[in-house]
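Every position in the sequence shown, counted from 1, becomes a number in the working numbering once 1 is added.
One thing to keep in mind: the hints can contain errors.
With a straight-line cut-off of 16 Å between C-alpha atoms, the simulated EDC-like cross-links for lysine to aspartate or glutamate are [as the list claims (entries may be wrong)]: (1) 168 - 186; (2) 144 - 124; (3) 168 - 19; (4) 94 - 136.
Cβ-Cβ distance ranges computed for the label pairs, FRET-style [as the list claims (entries may be wrong)]: (5) 349 - 137: 45 to 53 Å; (6) 274 - 124: 32 to 40 Å; (7) 373 - 402: 22 to 30 Å; (8) 392 - 417: 48 to 56 Å; (9) 345 - 195: 40 to 48 Å; (10) 145 - 352: 51 to 59 Å; (11) 172 - 145: 18 to 26 Å; (12) 35 - 329: 47 to 55 Å; (13) 264 - 381: 20 to 28 Å; (14) 377 - 261: 44 to 52 Å; (15) 77 - 355: 53 to 61 Å; (16) 182 - 314: 54 to 62 Å; (17) 360 - 413: 18 to 26 Å; (18) 392 - 124: 21 to 29 Å.
Rather than coming from a laboratory, the hints here were simulated on the basis of the structure. Please read these numbers as outputs of a predicted model, since none were measured by experiment. In this text, a Cβ means the ideal position worked out from N, Cα and C, and glycines have one as well.
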Amino acid sequence: MNFEAPLAERMRPRTLDEYAGQRHLLGKGMALRNLLEGGRVPSCILYGPPGVGKTTLVRLMARVTKRTLLEINAVSAKVETLRDLVERARREKGLSGRAAIAFVDEIYHFNSRQQNVLLPAVETGDLILVGTTTENPWFEINKTLLSRMVVYTLEPLSADDLCALLKRAMADGERGVARLGVSADDAVLRRIAELAGGDARQALTRLEAAASAAAMGGGSALTEEIVAQSSGAATQRYDRNANDHYAVISALIKSMRGSDPDAALYWLARMLEGGDDVRFICRRLCIFAAEDVGLADPMALVLAQNASAAVDRVGMPEADLILGEAVIYLASAPKSNSAYLAIKSARRNVLEGNIMEVPSHLRNDGSGYVYPHDSPSHWVPQAYMPEVRRFYFPGKLGAESRIGERLKKLWKRFSEEVEQSGEKEASDPRRD
2 MNFEAPLAER MRPRTLDEYA GQRHLLGKGM ALRNLLEGGR VPSCILYGPP
52 GVGKTTLVRL MARVTKRTLL EINAVSAKVE TLRDLVERAR REKGLSGRAA
102 IAFVDEIYHF NSRQQNVLLP AVETGDLILV GTTTENPWFE INKTLLSRMV
152 VYTLEPLSAD DLCALLKRAM ADGERGVARL GVSADDAVLR RIAELAGGDA
202 RQALTRLEAA ASAAAMGGGS ALTEEIVAQS SGAATQRYDR NANDHYAVIS
252 ALIKSMRGSD PDAALYWLAR MLEGGDDVRF ICRRLCIFAA EDVGLADPMA
302 LVLAQNASAA VDRVGMPEAD LILGEAVIYL ASAPKSNSAY LAIKSARRNV
352 LEGNIMEVPS HLRNDGSGYV YPHDSPSHWV PQAYMPEVRR FYFPGKLGAE
402 SRIGERLKKL WKRFSEEVEQ SGEKEASDPR RD
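Given the sequences, and given the hints that come with them, work out the whole structure.
The following block contains the structure:
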């Protein structure tokens, strides 16, 4: 055994039973496991974050089904190289009667010419195309290629799965770290698992670093202190330009909408530690203040806007205090989406062709307009549309309850004034 190879490489599973995690795909009785044990491999894409066993699964597919594995680099493979690979696969099938597996890592890098070379062989079954990707295949991979393949999603490993993997590495004298003569209790192994963020490669790399450091220092047991010193901060799965970015901002917005400041702060911390753009976060807080807090607390938008300006002036790392304060306020504030619904309804009304002419008394060149400020109450019973249409329905929480009560009184006064004038058909139904 080459102990210069990383522990993660040495510990790659050799059987389906050794494979960690992904029970939804490879658990007993699951469809993909049944296919592999039956000698079949579908052309497929394995989609998931780093360190969850995509490459390992491809190699197991070849091992379990006893098929030849042909590896391709999606970035550097030239068209001629791919044509040679297709011919090699056809010869292999002619000799053995079994199609070889063509493995393409990060398959989304394939361009149209590369795809066109492989597609006919995939369709005729001369080769089985298996690709791996960390990017969402539905967004990144050509639809022509995608339609000929099955997509399997691999999930980050649980702490329990990683602990089982670490224990196996600790006990394995042939491929693992048992030869170092270092022991570790369950609490230490779980700490390593937690630091790995669902990444098996990270977990094994951290274990090897910690075990080697302990052994070289003359120790016989791993401690959490050694783990901390030798393996650094926790791994965070976060790509600010991909799925993690959108998933976490969605969680932040929904936590604030649900009035849970603790959850909102956690998701904010994920974005900040992932290096997300603070201006993007500020824009979303301003939108949330108008859309979800709205008129239940009109100061929310003022606070969000001021927080944005302060973040721009202060910058990170101190800006996290400002963002934290804004998030707590927005999450804790009363909620109303009445303004959001009102403007959407009004715009939909216009788009559907319900166009009204501006009344003559409201035109800049018209006559008959009554100036509200000339009245002691700064309001006069005056129509502002040719016909009444209802878009805004005041909520009943926070400041908006007062707004709603005032508007109801004004609408009622308007209707009473119109009825007294004898123009009952023009009365305002909003008073009800």
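How the hints compare with the structure:
Note on residue 168 and residue 186: the hinted pairing holds, with a Cα-Cα distance of about 9 Å set against a maximum of 16 Å. Of the supplied pair hints, the one linking residue 144 and residue 124 holds, its CA atoms being roughly 15 Å apart against a limit of 16 Å. As the CA atoms of residue 168 and residue 19 are separated by approximately 12 Å, the hinted pair is consistent with the 16 Å bound. At roughly 31 Å between alpha-carbon atoms, residue 94 and residue 136 are farther apart than 16 Å, so this suggested pair is violated.
For residue 349 and residue 137, the hinted distance range of 45 to 53 Å is not satisfied, since their beta carbons lie about 31 Å from each other. The hint said 32 to 40 Å for the Cβ distance between residue 274 and residue 124, and at roughly 45 Å that hint is violated. For residue 373 and residue 402, the Cβ-Cβ distance of about 24 Å falls inside the hinted range of 22 to 30 Å, so the restraint holds. Taking the beta carbon of each, residue 392 and residue 417 are about 23 Å apart, not inside 48 to 56 Å as hinted.
Distance hint for residue 345 and residue 195: a CB-CB separation of about 44 Å, consistent with the stated range 40 to 48 Å. Between residue 145 and residue 352 the C-beta distance comes to about 35 Å, which lies outside the given range of 51 to 59 Å. Between residue 172 and residue 145 the CB atoms are about 48 Å apart, so this pair departs from the stated range of 18 to 26 Å. For the pair residue 35 and residue 329, the beta carbons lie near 50 Å from each other, so the given range of 47 to 55 Å is met.
Judged by the Cβ atoms, the range 20 to 28 Å given for residue 264 and residue 381 is violated: they are separated by roughly 48 Å. Range check, residue 377 to residue 261: about 47 Å between beta-carbon atoms, so the 44 to 52 Å window is met. The given range of 53 to 61 Å is respected by residue 77 and residue 355, whose C-beta atoms sit roughly 59 Å from each other. Taken as a hint, the range 54 to 62 Å holds for the pair residue 182 and residue 314, whose Cβ atoms sit roughly 56 Å apart.
Judged by the Cβ atoms, the range 18 to 26 Å given for residue 360 and residue 413 holds: they are separated by roughly 22 Å. The hinted range of 21 to 29 Å is not satisfied by residue 392 and residue 124, whose Cβ atoms lie roughly 55 Å apart.
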